[in-house]
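K.L.:
Below, each chain spelled out in residue letters.
There are 2 protein chains.
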Amino acid sequence: MPVRLPYPQLRAFSTKPRQCAKFDKFELYGGRPIPANKQRLIPTSGSYPQGFTVGSTRAGIKPAGNIQPDLVIVASETPASGAAVFTKNEFCAASVSVSRELMRHTNGAGLRGVVANAGCANTLTGQAGLDDATAMGREAARCISNGMADNGNSLMVMHTGAGAQRLPIDNILHHLPKLTKTMGNTHDHWLDAAVALSTTDTYPKLISRTFSLPSASATKFSLAGLTKGAGMVHPNMATTLGIICTDAPVTPPALQILLKGAASRSYNCISIDGDTSTNDMVTMFANGAAASPDQPAVDISPEPSVDFVAFQQVLSEFMADMAKLVVRDAEGASKFITIRVRGSPSYDAAHHIASVISRSVLWKTGIYGRDPNWHGILAALGYSLLDTSFAGQGIIIPEQTSVSFRDGAETVKFLDCGVPVPVDEVKIKQIMDKEDIETIVDLRDGTAEKPTEEAVYWTCDMTHDFISMNSGVEIR
Amino acid sequence: MPVRLPYPQLRAFSTKPRQCAKFDKFELYGGRPIPANKQRLIPTSGSYPQGFTVGSTRAGIKPAGNIQPDLVIVASETPASGAAVFTKNEFCAASVSVSRELMRHTNGAGLRGVVANAGCANTLTGQAGLDDATAMGREAARCISNGMADNGNSLMVMHTGAGAQRLPIDNILHHLPKLTKTMGNTHDHWLDAAVALSTTDTYPKLISRTFSLPSASATKFSLAGLTKGAGMVHPNMATTLGIICTDAPVTPPALQILLKGAASRSYNCISIDGDTSTNDMVTMFANGAAASPDQPAVDISPEPSVDFVAFQQVLSEFMADMAKLVVRDAEGASKFITIRVRGSPSYDAAHHIASVISRSVLWKTGIYGRDPNWHGILAALGYSLLDTSFAGQGIIIPEQTSVSFRDGAETVKFLDCGVPVPVDEVKIKQIMDKEDIETIVDLRDGTAEKPTEEAVYWTCDMTHDFISMNSGVEIR
Numbered sequence: 001m002p003v004r005l006p007y008p009q010l011r012a013f014s015t016k017p018r019q020c021a022k023f024d025k026f027e028l029y030g031g032r033p034i035p036a037n038k039q040r041l042i043p044t045s046g047s048y049p050q051g052f053t054v055g056s057t058r059a060g061i062k063p064a065g066n067i068q069p070d071l072v073i074v075a076s077e078t079p080a081s082g083a084a085v086f087t088k089n090e091f092c093a094a095s096v097s098v099s100r101e102l103m104r105h106t107n108g109a110g111l112r113g114v115v116a117n118a119g120c121a122n123t124l125t126g127q128a129g130l131d132d133a134t135a136m137g138r139e140a141a142r143c144i145s146n147g148m149a150d151n152g153n154s155l156m157v158m159h160t161g162a163g164a165q166r167l168p169i170d171n172i173l174h175h176l177p178k179l180t181k182t183m184g185n186t187h188d189h190w191l192d193a194a195v196a197l198s199t200t201d202t203y204p205k206l207i208s209r210t211f212s213l214p215s216a217s218a219t220k221f222s223l224a225g226l227t228k229g230a231g232m233v234h235p236n237m238a239t240t241l242g243i244i245c246t247d248a249p250v251t252p253p254a255l256q257i258l259l260k261g262a263a264s265r266s267y268n269c270i271s272i273d274g275d276t277s278t279n280d281m282v283t284m285f286a287n288g289a290a291a292s293p294d295q296p297a298v299d300i301s302p303e304p305s306v307d308f309v310a311f312q313q314v315l316s317e318f319m320a321d322m323a324k325l326v327v328r329d330a331e332g333a334s335k336f337i338t339i340r341v342r343g344s345p346s347y348d349a350a351h352h353i354a355s356v357i358s359r360s361v362l363w364k365t366g367i368y369g370r371d372p373n374w375h376g377i378l379a380a381l382g383y384s385l386l387d388t389s390f391a392g393q394g395i396i397i398p399e400q401t402s403v404s405f406r407d408g409a410e411t412v413k414f415l416d417c418g419v420p421v422p423v424d425e426v427k428i429k430q431i432m433d434k435e436d437i438e439t440i441v442d443l444r445d446g447t448a449e450k451p452t453e454e455a456v457y458w459t460c461d462m463t464h465d466f467i468s469m470n471s472g473v474e475i476r
Numbered sequence: 001m002p003v004r005l006p007y008p009q010l011r012a013f014s015t016k017p018r019q020c021a022k023f024d025k026f027e028l029y030g031g032r033p034i035p036a037n038k039q040r041l042i043p044t045s046g047s048y049p050q051g052f053t054v055g056s057t058r059a060g061i062k063p064a065g066n067i068q069p070d071l072v073i074v075a076s077e078t079p080a081s082g083a084a085v086f087t088k089n090e091f092c093a094a095s096v097s098v099s100r101e102l103m104r105h106t107n108g109a110g111l112r113g114v115v116a117n118a119g120c121a122n123t124l125t126g127q128a129g130l131d132d133a134t135a136m137g138r139e140a141a142r143c144i145s146n147g148m149a150d151n152g153n154s155l156m157v158m159h160t161g162a163g164a165q166r167l168p169i170d171n172i173l174h175h176l177p178k179l180t181k182t183m184g185n186t187h188d189h190w191l192d193a194a195v196a197l198s199t200t201d202t203y204p205k206l207i208s209r210t211f212s213l214p215s216a217s218a219t220k221f222s223l224a225g226l227t228k229g230a231g232m233v234h235p236n237m238a239t240t241l242g243i244i245c246t247d248a249p250v251t252p253p254a255l256q257i258l259l260k261g262a263a264s265r266s267y268n269c270i271s272i273d274g275d276t277s278t279n280d281m282v283t284m285f286a287n288g289a290a291a292s293p294d295q296p297a298v299d300i301s302p303e304p305s306v307d308f309v310a311f312q313q314v315l316s317e318f319m320a321d322m323a324k325l326v327v328r329d330a331e332g333a334s335k336f337i338t339i340r341v342r343g344s345p346s347y348d349a350a351h352h353i354a355s356v357i358s359r360s361v362l363w364k365t366g367i368y369g370r371d372p373n374w375h376g377i378l379a380a381l382g383y384s385l386l387d388t389s390f391a392g393q394g395i396i397i398p399e400q401t402s403v404s405f406r407d408g409a410e411t412v413k414f415l416d417c418g419v420p421v422p423v424d425e426v427k428i429k430q431i432m433d434k435e436d437i438e439t440i441v442d443l444r445d446g447t448a449e450k451p452t453e454e455a456v457y458w459t460c461d462m463t464h465d466f467i468s469m470n471s472g473v474e475i476r
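Going down the list, the sequences are from chains S and B.
Number 475 in the numbering used here belongs to position 475 of the first sequence; there are no gaps in the numbering.
Number 78 in the numbering used here belongs to position 78 of the second sequence; there are no gaps in the numbering.
Quick caveat, the hints were computed from the structure, so don't treat them as lab data.
These figures come from a predicted structure and were not determined experimentally.
Hints are not guaranteed to be accurate.
Once the Cα atoms are required to be at most 27 Å apart in a straight line, the calculated BS3-like pairs of lysine-lysine come out as [what the hints assert, rightly or not]: (1) B/K324 to B/K38; (2) B/K450 to S/K88; (3) B/K220 to B/K324; (4) S/K413 to B/K88; (5) S/K434 to S/K324; (6) B/K335 to B/K434; (7) S/K38 to S/K324; (8) B/K220 to B/K335; (9) S/K450 to B/K38; (10) S/K88 to B/K413; (11) S/K220 to S/K178; (12) S/K434 to S/K38.
Isolated chain S, as found in the complex (with noise of 0.2 Å):
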């Protein structure tokens, strides 16, 4: 039964000693054990974008009693390419006020990384909060210059946490020369980085990756992405982060835009509880360090180097990688669920129908109980495009509509062409018990020539579990 707890309820950070953080064995998380199905997602080693640091410490933010880090510097060597994408969301934080404006103000260029904290929102705090984190950049900055007088304009601000709190400013203008001394290039210290962006996440997230491009394929381009758990925290908000890195060369602009293009195929295709954070934001820096002298800087102009396109599709693996990370620690989920929307004339309209079917709560909710809920489906799938400049369209069509679940190469169907199929409850059932679930939305199934694009969203059932986190009220 559910028992109503004191009010109000604030969710309890951990309180384990600082080494229970180190992972060595991946047993305990911030004091709470990690999920077993969670640890295989926790790297053992990483390949680092040279000429990045990256480095972590207990500020205080977090409240007290928690002992993980809560204030994180990445800053490349030597200045580098910048680009961010932000919440669009009205009410939106002092960070994302104050890094909005670094990227306007330098177009990019010159920048050195993002000072982040966890454990306090800054949002709803006014031009107080304001000048909290225009000071919190930019005393990160003059530190990471060794203390020589910097213009304050080359570190990005991300904060997440509670929200409509001031930032604790002087115990993080305190502690981030001390930071800065302890800053390093290893799997630790990306992972200890990793561990401080976190709130109500269950395990750190943290990848990297090689890769090459077309035109020097014997240079080895390394990728590194932190990011952090989505989710709301009861009672107040948190948020999605992300930062990434690497140490192929390019330009500002061509950043900016590989950026949006992976951000739109990734965290734009997450979908936890519909909600909008006021402080979600994903920056990027890129410093070169591994290209040799005459490696030319991936570019967007005068038109997209076939190093352009061939980044674009490897960030936007990565960034979708990451995005998957955060949804697989969705508060109180049980279920890792993809939406594939296919044969849609346009990628947005899929995007957008795959959108509206990550948020149906009923079907979200049949999901936990292991039910396919199909019905649901076609249900969101029947207002997708209600009111958007996609109605009327045509795009869908019911006779030409077909639902299934996929379960590695094999396929069920429970609407052919808009006609219900009888299925093998026995499969289903295999299916609807395993961790992820695909559903496939074919919009024109059995026609001749068809519309091609595709849309994939990635979510998570809504359970018993994300109600007692989000409401304080457990069940015992």
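Given the coordinates of chain S, assemble chain B onto it according to the supplied hints.
P.N.:
Then chain B, alone, in the frame of chain S:
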């Protein structure tokens, strides 16, 4: 701890003896006890419009074992004006297609009423389903014409219940003649009809009232309304239906505009789970039976009459009361939430903002935990107008936004013109412990020349019980 029930989990309909549904003591509703806070919502008498008869019977459409009635006719004894508003879902039920076609054919003139069933939604059944719905409408029309030949174009059709199943049309056709022999206009006839429309409802939904029109202030007209609970039935779809009858005289074009206008301020202002059903439909009939022979019909042409304006007000309030009955029976809900958005330059913008807030799963989950979670309101507000026609019009200005919760005459502000306000925790606890909660978002607080448009939305909280009901995963 949540325990998974055997798959697939169909929600059981009740199996108690028929007489329980009579409600003499309001103790049991189809075998389930009526929640104490719902009993006051069931009328013990009513003032029903003249010239209408109502009948219901069990035709075996609800699952076997259920002995509630499941087939209803509401009919005017004489040809009446008819109007309807329909779901826009592209996978609409056969009833919606058939009734929409009837409206197109007749323009709402010469209608008799509606035949409705619960227990089967008749969705995804193709031409056969359309044929069934047509046959149901024609046979019911034939029966209420005392077996006389009828053109079959006088009754609308409504379905609610499980989707993707054929209607048991033989049962329906078999029971219609008997049903029409028992029709009448007593309180019990109307209440039984409300029972018949129910699916997962915890109580039947019926209201009635009298009113007068400016042109005939001595004449007593009546309005009666039947409706049913919202939310989708696991594992299939249920819906909201509404049937409204009046003995005032109204022309068909006026009736359609009145119904649409009132629906926009009632049924279009409620949200349970954010999903749009395939079967939603509200119909209205006006037969003028209470009017004296010289009473002019309420008309819109050549311009809205005084009676039209007065009746619009009466009908809007009446349908708002019907819609609130639906929200009060939201699946698993523990709170009835009113969202009031004011200070908007347009009603539509305020309505859209309220609708987005009403769909914030995080906010509604917080309310379940008795947390005002006003950050959640702001997060929803902050993204509410993105990608809408209202974007970029400066409707949302953080520095002019206030958020408060109201308890009777008293208002507790959480945000005052963009600035968080210290609040009285004891007072907040009092407010949040109540079943009825009202939140006010003022878009232009403290400004001199203030836009005055205001929209109201009614919704509920998101609870463990909602998850249990829609997943089949029960808490033990």
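K.L.:
Compare the structure with each hint and give your call.
P.N.:
Evaluated hints:
no., hint, verdict
1, B/K324 to B/K38, "holds (12 Å)"
2, B/K450 to S/K88, "holds (26 Å)"
3, B/K220 to B/K324, "holds (25 Å)"
4, S/K413 to B/K88, "holds (26 Å)"
5, S/K434 to S/K324, "holds (17 Å)"
6, B/K335 to B/K434, "holds (8 Å)"
7, S/K38 to S/K324, "holds (12 Å)"
8, B/K220 to B/K335, "violated (36 Å)"
9, S/K450 to B/K38, "violated (52 Å)"
10, S/K88 to B/K413, "holds (26 Å)"
11, S/K220 to S/K178, "violated (33 Å)"
12, S/K434 to S/K38, "holds (15 Å)"
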